[in-house]
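Got chain A sorted already, so can you dock chains B, C and D onto it with the hints?
Chains as they are written, first to last, in our numbering: chain A, 1 to 161; chain B, 1 to 161; chain C, 1 to 161; chain D, 1 to 161.
Heads up, some of the hints might be wrong.
To be verified - Selected chain D positions facing chain B (Cβ under 7 Å, derived; list incomplete):
1. 16
2. 18
3. 22
4. 23
5. 107
6. 108
7. 111
8. 112
9. 113
10. 156
Derived from the structure by calculation, the hints contain no laboratory data.
Glycine is no exception: its CB is placed at the ideal position from the N, C-alpha and C atoms.
Number of protein chains: 4
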Amino acid sequence: MAICIFITGGTFDKTYDEIRGRLSFGDTHLPEMLRLGRSRVDVSIRTLLMIDSLEMTDNDRELIVRHCAQCDHSRIVVTHGTDTMVETAAAIAKGVTGKTIVLTGAMIPYAFGSSDGLFNLGSALSFAQVLPPGVYIAMNGRVYAAERVRKNYEARRFEEV
Amino acid sequence: MAICIFITGGTFDKTYDEIRGRLSFGDTHLPEMLRLGRSRVDVSIRTLLMIDSLEMTDNDRELIVRHCAQCDHSRIVVTHGTDTMVETAAAIAKGVTGKTIVLTGAMIPYAFGSSDGLFNLGSALSFAQVLPPGVYIAMNGRVYAAERVRKNYEARRFEEV
Amino acid sequence: MAICIFITGGTFDKTYDEIRGRLSFGDTHLPEMLRLGRSRVDVSIRTLLMIDSLEMTDNDRELIVRHCAQCDHSRIVVTHGTDTMVETAAAIAKGVTGKTIVLTGAMIPYAFGSSDGLFNLGSALSFAQVLPPGVYIAMNGRVYAAERVRKNYEARRFEEV
Amino acid sequence: MAICIFITGGTFDKTYDEIRGRLSFGDTHLPEMLRLGRSRVDVSIRTLLMIDSLEMTDNDRELIVRHCAQCDHSRIVVTHGTDTMVETAAAIAKGVTGKTIVLTGAMIPYAFGSSDGLFNLGSALSFAQVLPPGVYIAMNGRVYAAERVRKNYEARRFEEV
Numbered sequence: 001m002a003i004c005i006f007i008t009g010g011t012f013d014k015t016y017d018e019i020r021g022r023l024s025f026g027d028t029h030l031p032e033m034l035r036l037g038r039s040r041v042d043v044s045i046r047t048l049l050m051i052d053s054l055e056m057t058d059n060d061r062e063l064i065v066r067h068c069a070q071c072d073h074s075r076i077v078v079t080h081g082t083d084t085m086v087e088t089a090a091a092i093a094k095g096v097t098g099k100t101i102v103l104t105g106a107m108i109p110y111a112f113g114s115s116d117g118l119f120n121l122g123s124a125l126s127f128a129q130v131l132p133p134g135v136y137i138a139m140n141g142r143v144y145a146a147e148r149v150r151k152n153y154e155a156r157r158f159e160e161v
Numbered sequence: 001m002a003i004c005i006f007i008t009g010g011t012f013d014k015t016y017d018e019i020r021g022r023l024s025f026g027d028t029h030l031p032e033m034l035r036l037g038r039s040r041v042d043v044s045i046r047t048l049l050m051i052d053s054l055e056m057t058d059n060d061r062e063l064i065v066r067h068c069a070q071c072d073h074s075r076i077v078v079t080h081g082t083d084t085m086v087e088t089a090a091a092i093a094k095g096v097t098g099k100t101i102v103l104t105g106a107m108i109p110y111a112f113g114s115s116d117g118l119f120n121l122g123s124a125l126s127f128a129q130v131l132p133p134g135v136y137i138a139m140n141g142r143v144y145a146a147e148r149v150r151k152n153y154e155a156r157r158f159e160e161v
Numbered sequence: 001m002a003i004c005i006f007i008t009g010g011t012f013d014k015t016y017d018e019i020r021g022r023l024s025f026g027d028t029h030l031p032e033m034l035r036l037g038r039s040r041v042d043v044s045i046r047t048l049l050m051i052d053s054l055e056m057t058d059n060d061r062e063l064i065v066r067h068c069a070q071c072d073h074s075r076i077v078v079t080h081g082t083d084t085m086v087e088t089a090a091a092i093a094k095g096v097t098g099k100t101i102v103l104t105g106a107m108i109p110y111a112f113g114s115s116d117g118l119f120n121l122g123s124a125l126s127f128a129q130v131l132p133p134g135v136y137i138a139m140n141g142r143v144y145a146a147e148r149v150r151k152n153y154e155a156r157r158f159e160e161v
Numbered sequence: 001m002a003i004c005i006f007i008t009g010g011t012f013d014k015t016y017d018e019i020r021g022r023l024s025f026g027d028t029h030l031p032e033m034l035r036l037g038r039s040r041v042d043v044s045i046r047t048l049l050m051i052d053s054l055e056m057t058d059n060d061r062e063l064i065v066r067h068c069a070q071c072d073h074s075r076i077v078v079t080h081g082t083d084t085m086v087e088t089a090a091a092i093a094k095g096v097t098g099k100t101i102v103l104t105g106a107m108i109p110y111a112f113g114s115s116d117g118l119f120n121l122g123s124a125l126s127f128a129q130v131l132p133p134g135v136y137i138a139m140n141g142r143v144y145a146a147e148r149v150r151k152n153y154e155a156r157r158f159e160e161v
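Excised from the complex, chain A in its bound form:
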């Protein structure tokens, strides 16, 4: 069973920019993470965007929706910043049917030793393999249907609504 992974950036992929002394985006860490997890899932990875999800425009979301709709696989994982993950999940839910699509991300960049990213990636790939068609958010061991989740910004976690 093959899974398509679309990269869009987010905390997951933030890296340290030595010259400017701040976080920025470089290449995705996904392949390195799959190696570390010794993943034996058959995946095809494609980087669509590499941005902070607060800067994601409607055009960007259309791009993601279009790729989810057009890709050959019926099981998809999308890595995404947590700030607007709910909005993108809603956009995908409106535009794509008949596929199992799981959005995931991280609260702490993978490049930090203390990241939750590897745990979330293992979780998202697993949910994507067994859940029925629909759009979901998988974070910190839990999974939420796109239409029944919100981000609790104070508590810095997702919760059912």
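Here is chains B, C and D on its own, set in the frame of chain A:
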């Protein structure tokens, strides 16, 4: 949805014994791993054994089966050494019905920077929440039914039979 | 032989601010680093500042100079951002005599798995114990006298002048 | 100033043997550690042995002494298991004069996230650059003359005698 986690040891929990300069077992790393993954899954953790799975006896397996059968939850994750994970899965499958039980472990101890443990734990907890009753092995992003899996020792991975 | 460690911030101590999704300063990582290195050096640690060295003012430098001059120990390590480490070293050299003072920092924050911080800290503490009185910069295994070093911004390293 | 690094194994370089599920020796981690520390010290690395220091024979020590005596550089770092580091330091002190030779190692293998190895390496390379000719042990931020150190096995640290 609450999940019961039973610890039995295995590579997952091997730690460095400074005095004797070799690997041994101390306390389980599970709580630390759940903290790192910022897991929001409702779990109860219980350490049943803390041994290398090559040293696991029939009595040890009976102990695991009995706890799986008697625990209040219908969704269970068992951490286990990979060498005899298949045998224990078979024993559980024979002794317990009506529950979703997922065995998982690691190829590299969690205490090593290069461990696959956190990825596997995220995966196992996810499969345990959504798979129908049965006994499974979740390793490296994949899930296998207890009766259809073997460990390929040369390739150091699990595969379907 | 006791060493006084003054913390001033810099890349060394940058941490991830989850709420705002960017790097910021929290508590210093120094005690954790000394624990990891199992340091058996007798140190007293004091946080003077917790800022990016690009934002360091003349007043801030005076504060550092004053503490170096007044502290009871004759061997001192100062953690500092790399951008203006040379300027601060010069200010200390002008204001303090008869003490061995070593400035150090990191190219990558300690909170990142890929940090050079632990290596630099082991190095700085060692140079501070054996070098004659003077002001030095210890970075990436090398040591430079305060009056004979510059930061090469393109190459992102220090070099003798 | 060039430093010769001789590798002999020890806890420093223990790695996880997946097939046998225990610690063993593979390639040295030294180059990776120098990269992580972004070391700018001019070094030449040579692996003499790759063994547990408890298994080190008189012949092995002769080999180390001979290489220390014959190498072109007058500043040398030797990585070594902690159990018999003191004996090897004594052997080198008897056989080599006029050079600064620093032995170092680790209490926890570098491959573990919690290793003191990187701190010790930064320290040893620094002491090796500035100490006068003699044989020393550099561990956990401290440096000891070869003839005035013992390993305290209960406390798992070195101390002056």
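Do the hints match the structure? See the list:
Against a cut-off of 7 Å between C-beta atoms, the interface hint on residue 16(D) holds, since the closest Cβ of chain B lies about 6 Å away. Interface restraint check for residue 18(D): the shortest CB-CB distance to chain B comes to about 6 Å, inside 7 Å, so the restraint holds. Of the supplied interface hints, the one on residue 22(D) holds, with its beta-carbon coming within about 6 Å of a beta-carbon of chain B, less than 7 Å. For residue 23(D), the shortest C-beta to C-beta distance to chain B is roughly 6 Å, which falls under 7 Å, so the interface hint holds.
This hint holds: residue 107(D) has a C-beta 6 Å from the nearest C-beta of chain B, less than the 7 Å allowed. Interface restraint check: residue 108(D) against chain B, minimum CB-CB distance 6 Å, threshold 7 Å, status holds. Taking 7 Å as the C-beta cut-off, the interface hint given for residue 111(D) holds, the closest approach to chain B being about 5 Å. About 5 Å separates the beta-carbon of residue 112(D) from the nearest beta-carbon of chain B, less than 7 Å, and the hint is met.
Interface hint at residue 113(D): satisfied, since its Cβ lies 5 Å from the closest Cβ of chain B, which is below the 7 Å cut-off. For residue 156(D), the shortest C-beta to C-beta distance to chain B is roughly 6 Å, which falls under 7 Å, so the interface hint holds.
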